[in-house]
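For reference, the chains in residue letters:
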Amino acid sequence: MNKRPYYSKKVIKHFTNPKNFGEIKNPDGIGRVGNPACGDVLTLYIKVDKSAGKEIIKNIKFQTLGCAAAIATSDIICDLVKGKTLERALKIKHKDIVAGLDYLPPIKIHCSLLAEQGLKAAIKDYETRKSKKQESSCGNVGRCGFKCGGCFTKTTGL
Amino acid sequence: MAKICRSRNGGNYEKAKQILGMKMNRAKKRIYLDYAATTPVDPQVNKAILPYFEEKFGNTMSLHSFGQEAKQALEESRGVIADLIGAKPNEIIFTSSATESNNLALKGIALGNKKIGNHIIISQIEHPCIIESAKWLEGQGFRITRLSVDRYGLVNPKDVKKAIRKNTILVSIIHASNEIGTIQPIAEIGRICKEKRVCVHTDAVQSFGKIPIDVQKMNIDLLSASAHKMYGPKGVACLFIREGTRIEPILHGGGQEFGLRSSTVNIPAIVGFAKAVKICKREMEKENIKQAKLRDKLIKGVLGKIIGSRLNGHPKKRLPNNANFWFEFVEGESIVIQLDLLGVAASTGSACSSIKLEPSHVLLAIGIKPEQAHGSLRLTLGRWTTEKEIDYLLKVLPKVIKRLRKIAGSYE
Numbered sequence: 001m002n003k004r005p006y007y008s009k010k011v012i013k014h015f016t017n018p019k020n021f022g023e024i025k026n027p028d029g030i031g032r033v034g035n036p037a038c039g040d041v042l043t044l045y046i047k048v049d050k051s052a053g054k055e056i057i058k059n060i061k062f063q064t065l066g067c068a069a070a071i072a073t074s075d076i077i078c079d080l081v082k083g084k085t086l087e088r089a090l091k092i093k094h095k096d097i098v099a100g101l102d103y104l105p106p107i108k109i110h111c112s113l114l115a116e117q118g119l120k121a122a123i124k125d126y127e128t129r130k131s132k133k134q135e136s137s138c139g140n141v142g143r144c145g146f147k148c149g150g151c152f153t154k155t156t157g158l
Numbered sequence: 001m002a003k004i005c006r007s008r009n010g011g012n013y014e015k016a017k018q019i020l021g022m023k024m025n026r027a028k029k030r031i032y033l034d035y036a037a038t039t040p041v042d043p044q045v046n047k048a049i050l051p052y053f054e055e056k057f058g059n060t061m062s063l064h065s066f067g068q069e070a071k072q073a074l075e076e077s078r079g080v081i082a083d084l085i086g087a088k089p090n091e092i093i094f095t096s097s098a099t100e101s102n103n104l105a106l107k108g109i110a111l112g113n114k115k116i117g118n119h120i121i122i123s124q125i126e127h128p129c130i131i132e133s134a135k136w137l138e139g140q141g142f143r144i145t146r147l148s149v150d151r152y153g154l155v156n157p158k159d160v161k162k163a164i165r166k167n168t169i170l171v172s173i174i175h176a177s178n179e180i181g182t183i184q185p186i187a188e189i190g191r192i193c194k195e196k197r198v199c200v201h202t203d204a205v206q207s208f209g210k211i212p213i214d215v216q217k218m219n220i221d222l223l224s225a226s227a228h229k230m231y232g233p234k235g236v237a238c239l240f241i242r243e244g245t246r247i248e249p250i251l252h253g254g255g256q257e258f259g260l261r262s263s264t265v266n267i268p269a270i271v272g273f274a275k276a277v278k279i280c281k282r283e284m285e286k287e288n289i290k291q292a293k294l295r296d297k298l299i300k301g302v303l304g305k306i307i308g309s310r311l312n313g314h315p316k317k318r319l320p321n322n323a324n325f326w327f328e329f330v331e332g333e334s335i336v337i338q339l340d341l342l343g344v345a346a347s348t349g350s351a352c353s354s355i356k357l358e359p360s361h362v363l364l365a366i367g368i369k370p371e372q373a374h375g376s377l378r379l380t381l382g383r384w385t386t387e388k389e390i391d392y393l394l395k396v397l398p399k400v401i402k403r404l405r406k407i408a409g410s411y412e
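Here the protein sequences line up with chains A and B, keeping their order. At position 135 of the first sequence (counting the first as 1) the number is 135 in this note's numbering, and the numbers step up by one without a gap. At position 264 of the second sequence (counting the first as 1) the number is 264 in this note's numbering, and the numbers step up by one without a gap.
Just so you know, the hints here were simulated from the structure itself, not pulled from any lab data. Please read all numbers here as calculations on a predicted model, not as lab measurements. Among the clues, some could well be false.
Unchecked claim - To spell it out: a stretch of chain B is covered by chain A in this simulated footprint if at least three of its residues, at any positions, have a beta carbon under 8 Å from a beta carbon of chain A; those stretches are:
| # | region |
| --- | --- |
| 1 | 322-331 |
| 2 | 345-354 |
| 3 | 370-378 |
To be verified - With the Cβ distance kept under 10 Å, some of the chain A side facing chain B (calculated, not the full set):
| # | residue |
| --- | --- |
| 4 | F15 |
| 5 | I71 |
| 6 | D75 |
Unchecked claim - Pair ranges (Cβ atoms, derived):
| # | chain 1 | residue 1 | chain 2 | residue 2 | range |
| --- | --- | --- | --- | --- | --- |
| 7 | A | D49 | B | T386 | 52 to 60 Å |
| 8 | B | A187 | A | D102 | 50 to 58 Å |
| 9 | A | D102 | B | K305 | 33 to 41 Å |
| 10 | A | A37 | B | D150 | 21 to 29 Å |
| 11 | B | F53 | A | K9 | 53 to 61 Å |
| 12 | A | A37 | B | K406 | 18 to 26 Å |
| 13 | B | G254 | A | K9 | 30 to 38 Å |
| 14 | B | S62 | A | K3 | 35 to 43 Å |
All C-beta atoms, glycine included, are put in the ideal place defined by N, C-alpha and C.
Build the full structure now, drawing on both the sequences and the hints.
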């Protein structure tokens, strides 16, 4: 018998009092996933610090338009990857997110997938910017309002 | 009402209020604003039901005094319900749910009239039990026309007239929308169908006992209603079937309910249904005025206090207890969860709250885009809604919306 409430206490905690929401000015990478038509839109901003030859996620913030589970998964993924190397961050799977929240209703598992995809997209964006920066930087400000770190606007369509 | 205002057990309530920066001195109460989902049983109804469990428990088919006692209660109840809508007692049959009533109406009429025709007309904003029954009939070879609605959710009677063909056997239009509360011009549709000699069914689950219905004046041939939406118990509903209507049963057996719905009759629930109808009939006018006043205050308050908000449904032709809003850049499920943490029960048409993960078909039918349908919130008032409760909602809802928009990074 399933006697658990619909959302776990941890989901409610991360939903009502998310610590990591907001925007990072001049981020090193942005991951925007989801679709307004599907209901959930998640944007993750990361700031990466290079020290001792390692790339570490120094700061991460999210903005999420979505259900309670979408907000909670966005918040907890920030907790999970903050201070971790990119390599380790990429190993975090949606199952770890669900485990961090104790459980999610089966129908909300896709929210944890969305958070995982958001993180991957942010890191990919960081890598793209990095390689483009090495090639050339035009210095223009893109439509997204961010200064071009290479011509990433063309590749991400932002 | 003490029953629905008892204190919350969880500790989240205080936390939620703290985060929204609200004072903590208010008594912990739960406010129910989801009367369209279901209603609490009226204490008078509960009292009327109780003797039918232990004392008057007979089977209506039995010839002895126990059975006859139950039989008498059944027929009296039938009379009470018939009286509310201007029907004859033998035109009312009891079922287990409005879903069953609607299934019987559609499938029963289809099967009973298949030699005459195979075309059925419904609207796009029906309850899923009508939509799915029609879909099933379509698979059995029947033809279904699904009429579109305008931006308020109204079916145009002219469209009904145009859609009727020689082989049309049934028009089924919901009386009042369960989501947006829009009341259809059912009398007009009834008049057209009478001229064309086509059977009319209406799903009146939300309007029955809330607004006046007269099946004679409105030319309705079949009508579904349910007890648990009007302070009666769950598990009982009825179907009005005009005398002389060709209809086939879908449950076969002992021949109860004039052979149209075999099953041992659920007397306690039926007695409760009848008692609930009696109270609704007596209180209807008074309750309508009271609830419409509170609803208008609620609508005015929400639209005035929250930017990027809109009312769904018709501004005037709507149920006295229904308010349905759309908020820009917020997702409805998160509003419902946040309101619940603050002690307010509400509902949404967002995909995130549905088991199919699809936005409400009603909101899509009135021309709202999928991304907008996610931001919908339905608040439905009832017998025990107070002005204080509306004031509380008007205090917390703007804060909830503001907070969620902040998390979404919009509207700053």
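Okay, the hints, checked on the actual structure:
1. Counting residues of the region 322-331 of chain B whose CB falls under 8 Å from any CB of chain A gives 3; the rule of at least 3 is met.
2. Three residues within the 8 Å Cβ limit are the bar, and the region 345-354 of chain B against chain A gives 4, so the coverage statement holds.
3. Closer than 8 Å: that is the beta-carbon criterion, and the region 370-378 of chain B has 3 residues meeting it against chain A, so the requirement of 3 holds.
4. Among the interface hints, the one on A:F15 holds; its C-beta lies about 7 Å from the nearest C-beta in chain B, closer than the 10 Å criterion.
5. Checking A:I71 against chain B by beta carbon gives a least distance of about 6 Å; that is within 10 Å, so the hint holds.
6. Hint status for A:D75: holds, given a least beta-carbon distance of 9 Å to chain B, under 10 Å.
7. A beta carbon spacing of about 56 Å between A:D49 and B:T386 agrees with the range 52 to 60 Å that was offered as a hint.
8. In this structure the supplied range 50 to 58 Å holds for B:A187 paired with A:D102, their Cβ-Cβ distance being about 54 Å.
9. Taken as a hint, the range 33 to 41 Å holds for the pair A:D102 and B:K305, whose Cβ atoms sit roughly 36 Å apart.
10. Take A:A37 and B:D150: their Cβ atoms lie about 23 Å apart, and the range 21 to 29 Å holds.
11. Distance hint for B:F53 and A:K9: a CB-CB separation of about 39 Å, inconsistent with the stated range 53 to 61 Å.
12. For the hinted restraint 18 to 26 Å between A:A37 and B:K406, the CB-CB distance of approximately 23 Å keeps it satisfied.
13. Hint check: B:G254 to A:K9, Cβ distance near 50 Å, so the stated range 30 to 38 Å is violated.
14. Distance hint check: the CB atoms of B:S62 and A:K3 are about 40 Å apart, consistent with the given range 35 to 43 Å.
The structure fails to meet hints 11 and 13 from the earlier list, while all remaining hints are met.
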